[in-house]
Amino acid sequence: MTAAADTEQDWQADWQPVIDAIGTDFAEGAITWGGDAVERGAVRRYLEPLELDCALHTDPEVARAAGHADVTMPATGVIAWTIPAAWQPGQVLFDSADRDAQPVHSAINNADMTLGPRTTGFFGTDIEVDFLRDVIAGERIGRRGKTLLSCKPKETAVGRGAFMTWESEIVTEELEVVGRIRIGTYAYVPHAKDAGKAGKGDAS
Amino acid sequence: MSAETPLLEGRRFEDVAVGERLPVVELPLTVYRLVMAAGSNRDFNSIHHNSEYARATGAEEMYANTSFLMSAWERSVRDWMGLAGRIRGIRGFRMRSFNYAGDTLRVVAEVAATRLEGDVGVVEIAIRCENRSGVSVGPGVVEVELPRRTDDGATADTTTADTTAADTTAADTTAADTTGQETP
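Chains A and B, in that order, give the protein sequences.
At position 145 of the first sequence (counting the first as 1) the number is 144 in numbering that gives the first Met the number 0, and the numbers step up by one without a gap.
At position 146 of the second sequence (counting the first as 1) the number is 145 in numbering that gives the first Met the number 0, and the numbers step up by one without a gap.
Among the clues, some could well be false.
Reference excerpt, derived from the structure (chain A facing chain B, CB under 8 angstroms, subset only) [stated by the list, open to error]:
1) 47
2) 51
3) 53
4) 54
5) 55
6) 59
7) 75
8) 85
9) 86
10) 101
11) 123
12) 125
13) 130
Some, not all, of what chain A presents toward chain B, calculated at C-beta under 7 angstroms [as the list claims (entries may be wrong)]:
14) 48
15) 79
16) 82
17) 103
18) 104
In case anyone wonders, no lab produced these hints; they're calculated from the structure.
Beta carbons: idealized from backbone N, C-alpha and C, even for Gly.
Next comes chain A alone, as it looks inside the complex (with noise of 0.2 angstroms):
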């Protein structure tokens, strides 16, 4: 075998743990809550980009006639309604004032992985989601687990890491499951090359 061949081998036997790890819910159950209950004008806010025109989201009385409590969420809105609050009172989000600066914390990133190597690059591939019913204004969701369905050691472009799909239900305060989302994900550590370009926790 060849030195080549072993280094090929070890980076990959790295993620062996998390191979290991396929079926476990890395969460423990845990629920992350969306930052905010679903209300109309985040509805209509969302809808303003897309110039996305359904009554409704928009009008009560035809979600009503539809036999809606409320306006509902758009489908798609699972997403963005269990991203957690970006900012907590007390906390500070903003530490610098340079221009490209980050906040000092990001709802959306793998720092929570705790098995395998470390990454610095990140980012979403593909998505599945099953809506088991519709979301209404007033009810507040979020995702409950985050359960490890597959990982696939696999060097690309842009450097050296693994294949991940995770999986969370979408949950109400009442722990009603109103979907399920699956998320493929690939965390890498950038070629040299593209070092200087790691990925900033990019999910999306």
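Could you slot chain B onto chain A? The hints should help.
Leaving out everything else, chain B in the frame of chain A:
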């Protein structure tokens, strides 16, 4: 679509044929639009609203975020099916290339399959995003439930239905079929 769902305007299961093309949705990805999108869908990663930052990560420009791209699929499907349908699943939403500011996103879709699950009409819509570089997201599937039309022109789920509304829906559907649809 439950039996208790009242009648709403929009497409009926029986009106749908495999191969039917949905109207193409075109969304110019201006900086203004992407900033609005980031603010509304809460994905504030700088790659989505800061060109300088995005370029430092190896991208050519700031680019649209996942929520916006996925909701563009919802826009396409909702435009086509109206109020009556319900989106129940999205599969194959795969990011293939960046959707940069300054480009125009086109959502292209067609009916791939239809089936009945009991009394529920289910339609699978093959869908993708295109930009100047070709397919950028997908191809994937949006699965929807549509109410059924009964033989008398009403719908199968008519707890508060009236036939006037159903007739109007049929007329709207015909009009939609003849509007500018493009080849996927």
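Right, here's what the structure says about each hint:
1. 47: This interface hint holds because 6 angstroms falls under the 8 angstroms limit.
2. 51: 5 angstroms, holds
3. 53: 5 angstroms, holds
4. 54: Result: holds, 6 angstroms to nearest chain B Cβ.
5. 55: OK, holds: residue 55 of chain A within 8 angstroms of chain B, min 6 angstroms.
6. 59: Violated, because the Cβ-Cβ distance from residue 59 of chain A to chain B comes to roughly 14 angstroms (cut-off 8 angstroms).
7. 75: With Cβ-Cβ at 4 angstroms, under 8 angstroms, it holds.
8. 85: Residue 85 of chain A check passes; min Cβ-Cβ to chain B is 7 angstroms, inside 8 angstroms.
9. 86: 11 angstroms, violated
10. 101: 7 angstroms, holds
11. 123: 6 angstroms, holds
12. 125: With Cβ-Cβ at 4 angstroms, under 8 angstroms, it holds.
13. 130: Status holds, d = 5 angstroms.
14. 48: Since chain B brings a Cβ to about 4 angstroms from residue 48 of chain A, closer than 7 angstroms, the hint holds.
15. 79: At about 4 angstroms, which falls below the 7 angstroms cut-off, the nearest Cβ of chain B leaves the hint on residue 79 of chain A intact, so it holds.
16. 82: Cβ of residue 82 of chain A sits 4 angstroms from chain B, so the hint holds.
17. 103: 13 angstroms, violated
18. 104: 12 angstroms, violated
Checked against the numbered hints listed earlier, the structure breaks hints 6, 9, 17 and 18; every other hint is satisfied.
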